[in-house]
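Chemist: What follows is each chain in one-letter form.
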Amino acid sequence: MEFREHILENGLEVIAECNPAAYSTAIAFFVKAGSRDENDANSGVSHFLEHMAFKGTPHRTAAEVNRELDEMGSHCNAFTSEEQTVYYATVLPDLQTRAVALLCDIMRPSLREDDFETEKKVIIEEIYKYDDQPPFGAHEKCMASHFGEHPLARNILGSVESVTALTPSAMRAYFEQRYSPGGMVLAAAGNVDFEALVQEAEKQCGQWRAFPTSRQTPPTPAHQSFDFLAHDKAAQQYTVQLSNGPAAEDEARYASRIMATIFGDDCGSRLYWEFVESGLAEYASCGAYEYQGAGLLMTFLCCAPQDTQENIRRLHEMQVAFSQTGVSQDELRRAIAKTSAHVVLQSERPGNRLFSLGSNWIQRRKYRTVKETVQAYQAVTKNDIEAMARRFPLAVNTTLSVGPLTELAAPA
Amino acid sequence: MSRGRSALRELYVSPPILSHEYENGLVLVAEPMPWLESAAFTLLLPAGCIYDAPNRVGLANLTCEMVQRGCGQRDSRRFVEDLENLGADTSSSVSNTHTSFGGAMLADTLPEVLGIFADLVLRPHLPGEQLEEGKMVCVQEIRAIEDELAQRLMSGLRRRHYPAPYGRSAPGELVAIEQATLQDVQASFQNNYVPRGAILGVAGKIEWESLREHVGKIFADWKDRPQTAPPETPASGGYEHLQQASQQTQIGVAFASVPYADPNYFQARGAIGVLSDGMSSRLFTEVRENRGLCYTVYASMGSAHRGHGAVLCYAGTSTERAQETLDVMTAELIRLGQGVEQGELDRLKARLKSSLIMIQESSQARSSGVAAEWHHLNRVRTLAELGEHVDRLSCQSINAYLAEHPPADFTIVTLGEQPLEPPDGVS
Numbered sequence: 001m002e003f004r005e006h007i008l009e010n011g012l013e014v015i016a017e018c019n020p021a022a023y024s025t026a027i028a029f030f031v032k033a034g035s036r037d038e039n040d041a042n043s044g045v046s047h048f049l050e051h052m053a054f055k056g057t058p059h060r061t062a063a064e065v066n067r068e069l070d071e072m073g074s075h076c077n078a079f080t081s082e083e084q085t086v087y088y089a090t091v092l093p094d095l096q097t098r099a100v101a102l103l104c105d106i107m108r109p110s111l112r113e114d115d116f117e118t119e120k121k122v123i124i125e126e127i128y129k130y131d132d133q134p135p136f137g138a139h140e141k142c143m144a145s146h147f148g149e150h151p152l153a154r155n156i157l158g159s160v161e162s163v164t165a166l167t168p169s170a171m172r173a174y175f176e177q178r179y180s181p182g183g184m185v186l187a188a189a190g191n192v193d194f195e196a197l198v199q200e201a202e203k204q205c206g207q208w209r210a211f212p213t214s215r216q217t218p219p220t221p222a223h224q225s226f227d228f229l230a231h232d233k234a235a236q237q238y239t240v241q242l243s244n245g246p247a248a249e250d251e252a253r254y255a256s257r258i259m260a261t262i263f264g265d266d267c268g269s270r271l272y273w274e275f276v277e278s279g280l281a282e283y284a285s286c287g288a289y290e291y292q293g294a295g296l297l298m299t300f301l302c303c304a305p306q307d308t309q310e311n312i313r314r315l316h317e318m319q320v321a322f323s324q325t326g327v328s329q330d331e332l333r334r335a336i337a338k339t340s341a342h343v344v345l346q347s348e349r350p351g352n353r354l355f356s357l358g359s360n361w362i363q364r365r366k367y368r369t370v371k372e373t374v375q376a377y378q379a380v381t382k383n384d385i386e387a388m389a390r391r392f393p394l395a396v397n398t399t400l401s402v403g404p405l406t407e408l409a410a411p412a
Numbered sequence: 001m002s003r004g005r006s007a008l009r010e011l012y013v014s015p016p017i018l019s020h021e022y023e024n025g026l027v028l029v030a031e032p033m034p035w036l037e038s039a040a041f042t043l044l045l046p047a048g049c050i051y052d053a054p055n056r057v058g059l060a061n062l063t064c065e066m067v068q069r070g071c072g073q074r075d076s077r078r079f080v081e082d083l084e085n086l087g088a089d090t091s092s093s094v095s096n097t098h099t100s101f102g103g104a105m106l107a108d109t110l111p112e113v114l115g116i117f118a119d120l121v122l123r124p125h126l127p128g129e130q131l132e133e134g135k136m137v138c139v140q141e142i143r144a145i146e147d148e149l150a151q152r153l154m155s156g157l158r159r160r161h162y163p164a165p166y167g168r169s170a171p172g173e174l175v176a177i178e179q180a181t182l183q184d185v186q187a188s189f190q191n192n193y194v195p196r197g198a199i200l201g202v203a204g205k206i207e208w209e210s211l212r213e214h215v216g217k218i219f220a221d222w223k224d225r226p227q228t229a230p231p232e233t234p235a236s237g238g239y240e241h242l243q244q245a246s247q248q249t250q251i252g253v254a255f256a257s258v259p260y261a262d263p264n265y266f267q268a269r270g271a272i273g274v275l276s277d278g279m280s281s282r283l284f285t286e287v288r289e290n291r292g293l294c295y296t297v298y299a300s301m302g303s304a305h306r307g308h309g310a311v312l313c314y315a316g317t318s319t320e321r322a323q324e325t326l327d328v329m330t331a332e333l334i335r336l337g338q339g340v341e342q343g344e345l346d347r348l349k350a351r352l353k354s355s356l357i358m359i360q361e362s363s364q365a366r367s368s369g370v371a372a373e374w375h376h377l378n379r380v381r382t383l384a385e386l387g388e389h390v391d392r393l394s395c396q397s398i399n400a401y402l403a404e405h406p407p408a409d410f411t412i413v414t415l416g417e418q419p420l421e422p423p424d425g426v427s
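Just so you know, the sequences run in chain order V and D. With our numbering applied, the first sequence corresponds to residues 1 to 412, in that order. With our numbering applied, the second sequence corresponds to residues 1 to 427, in that order.
Honestly, the hints are just simulated from the structure, not real lab data. It is possible that some hints are incorrect.
[As the list claims (entries may be wrong)] Distance ranges between label pairs, derived from CB positions: (1) E117(V) to A331(D): 21 to 27 angstroms; (2) S236(D) to E161(V): 17 to 23 angstroms; (3) R98(V) to A408(D): 37 to 43 angstroms.
As the structure is a prediction and not an experimental result, all values here were calculated from the model. Every residue gets a Cβ at the ideal spot worked out from N, C-alpha and C, and that includes glycine.
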């Protein structure tokens, strides 16, 4: 395993973790563009743009992009989050240069009008699909309540109205604010020929014009509220709770993840024994999520409507107790063992390793080996967890519940 | 820097697949992958929901839940905690034919983890005082599916397309779970957690001789017991609409194909690959890319029944565009009967071969792959052999197959606000 990095003159960073023994080469562009960079007028544009990248460039039609990805036998896809858009492909090592050339090309899409209108229909179908699916918008609505005026309040998909109103020129304007080479990272993992990667990046991206990009990272004060939304099409009740947690830059994030594992991993955690193993809930979990300048602990509870009030009361009691009494050495040891094993197992596939590599770099400009990551988890102590539970109390949260209930009260 | 390998065929390491049948009927099948640090296992037990009595559909799922509530020297908490201390990422599931347990871990802990699962299979406590909790877990699962419209649609499609009881869904019926007793669970365990028909697939950094010996030792007390195969009744086919208030209409289409063990399987798989694998496939191009009719559309080979192959297709789209989506989908299925083209086949072969090479990076994928292949074939082909099958595919061979087996006699199920007009050719 060898880490390599290179910066093009226009600011595009090229990084790789090279493992000559790997069977595949995984390549991605990580772009600092997500819903937090949008406004009311262009809500949903980051995600729509991610779709449009596959709809053709000055050199290729949409059908040619799709055909070429398949000709390479690639496993290719893309996703958009609150603060990143990621385009990735995994190919056999011999196809590295061809795959890089194609990924570079689609980073400068044509945004043709007729493709735009056809793809808009696909996006609207995607919005409808999620409307019909659990947790029926509970996550997005809870994010909106928790973050209020903060940019992280924004919904990734946008709404049917905002997407319908988008135009190719509005998308072009957004593109010209976000897709600067300085706001993007070309990352590769697995069987990577780094010299060839840099050479192809120079050839394909060297002439990209650099322009300034910026992102607002206002503070996120703790927020507390309790709301529910009646949704009569749902059978179960879906409750999301958000509390603040360490941000992406905060080294306390390792302790926060171990804390979330102890409290709410989907197996073997306190929430698991209390709610899932007992059959009181279909699902109960807690996880840690980091963003630039902000962090979250998200608790999710899915149960029968008639059990929700009582379950939320129990959950609140557990959260209060967790902040007061801390964790046992045994819980800590187990959480570290399973988290470390998970990190190692995941890293066997370059396709997985790529995401840690790219996210680490785009969030922190840091490279961490698998071993260093495992060591960071192993260094977490009981005191760290207890300090974390006091600094970010789970009981102080934004709660939003969606389901058939027409009455639901905040826990006393 | 060295690139290691250059030609495609050299990329298959293709280790020998090793297998052993123990006296009690249990089969161990393993693929050593010495380049990995991990090992994974998949234990298939012939305890799927097809063995549930008609008034107890869901019992296999409840039994799977109950066997994990303590076994051997461990109560349910200790069972989970020991696996976590070993860093084993484990899972369980019930399909129509099997109950399966699986896990991935660092290779040196595999023997100990397998020992815990041997306890689960041989010495579960099936604690009566936890029956109500176990039933509640199963009830939660059934309730959750009510909100998963695509899953409900596909369950409806399988129920209508496969001969009963192969179209069942493992979570089963609420009333069956409510009425199930501890005696039902004990009988389900006794009858179906049997070694004959059980397959333990293992892949990763393993040493064959010691693994074979260890597995023989830990499962030595597992006594062979006869198991009764359920009677089959023919599928109903035809068209059914499931009423549901929703933004989108879910569309499912199924038609007969050949089973996995059939000599023509690769021809059928090749045809469905042209239809649905990749972003240049026909369904993706015609339904999503050219018309923007939906976000998700696919077709896949079903494997619910060893003797009945099937193709299951899905699309989800808004109500007013659902009829057009169904019409375009079925038109593509019928057009497939007219044959595939060289460019399409070349792209498919590239995808299949690259998947075969990349799967060598995952012990988990290989452990379930070798176990499933043994179930269908009573042997396991190496990745190189599978690669040769892909190499041999030609337009001529696929088109000859399609000429004899054109997609037809569709079973269609829709779920949404309004029923659709099924096309001609519904079975």
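Chemist: Each hint should be assessed against the structure and marked as holding or not.
Modeler: Here is how each hint holds up against the structure:
no., hint, result
1, E117(V) to A331(D): 21 to 27 angstroms, "holds, 23 angstroms"
2, S236(D) to E161(V): 17 to 23 angstroms, "violated, 43 angstroms"
3, R98(V) to A408(D): 37 to 43 angstroms, "holds, 39 angstroms"
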